[in-house]
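Colleague: Sequence:
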Amino acid sequence: MFTRIFGKPKQETNALATLDKLNETLEMLEKKEKVLLKKATAEVEKAKEFTRAKNKREGAKATTETVDALRTGAAAMKAMQKATNIDDVDKTMDEINEQTENMKQIQEALSAPIGAAADFDEDELEAELEELEGAELEEQLLQPATTAPAAQVQVPAGKQPRWHFNKLSAQL
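For the sequence shown, the positions run 24 to 195 when this note's numbering is used.
Any given hint might turn out to be false.
No more than 20 Å apart at the CA atoms, straight line, and that leaves these computed lysine to aspartate or glutamate pairs for DMTMM-like [stated by the list, open to error]:
1) K61 with E50
2) K101 with D111
3) K77 with E66
4) K77 with E88
5) K114 with E124
6) K57 with E68
7) K57 with E47
8) K55 with E72
9) K79 with D91
10) K101 with D117
11) K44 with E56
12) K55 with D43
Each pair of labels, with its calculated beta carbon distance range [what the hints assert, rightly or not]:
13) A85 with A65: 29 to 39 Å
14) T64 with A98: 48 to 58 Å
15) R75 with T48: 32 to 42 Å
16) T115 with A135: 45 to 55 Å
17) T115 with F143: 37 to 47 Å
18) K54 with N78: 28 to 38 Å
19) K79 with N120: 48 to 58 Å
20) E124 with D146: 26 to 36 Å
21) E131 with E88: 50 to 60 Å
Hint data in this document are derived by calculation from the structure and do not stem from the laboratory.
Don't be surprised by glycine CBs; every beta carbon is placed ideally from N, CA and C.
Given these sequences and hints, build the entire structure.
Modeller: Given below as structure tokens:
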């Protein structure tokens with residue numbers, strides 16, 4: 024009768040069974056956690072691999088585009104070379120040199136003295152200039168030296184004569 028009323032022995036077995044069940048659930052959850060961690064790690068590795076593959080594809084695409092651009096450039100250069108040959112280049116360079124020579128001759132003709140200036144000999148003019156400079160130097164050396172330079176007399180602006188102002192305004 025006491026067992027029916029109190030039922031303690033059933034509770035103890037029931038508590039032990041519950042603890043065992045909780046331990047089993049805990050172990051099962053820990054195993055699931057390990058499995059899920061492995062799956063997550065595997066997915067992260069897959070993502071990294073996909074990223075690497077994507078980068079390789081992009082690099083290959085860029086390389087292909089670069090090579091295509093180089094091919095296009097090479098084809099354009101070939102077309103330009105076919106349009107231009109060395110004989111045409113030599114002919115053009117000869118024409119440029121001829122025109123440059125013509126311009127030099129024109130410039131020399133324009134710079135040559137004409138009229139009375141053409142009759143002068145440069146060496147004679149140089150000798151005459153040196154002779155005049157020597158004579159002027161001798162004349163300066165023979166003149167007596169002054170003791171002090173003459174000072175200029177400044178008249179205040181208000182007292183200057185009228186003719187001075189007229190002269191200045193005429194210069195402007």
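Colleague: So, against the hints stated earlier in the document, which numbers end up violated here?
Modeller: 8, 10 and 16
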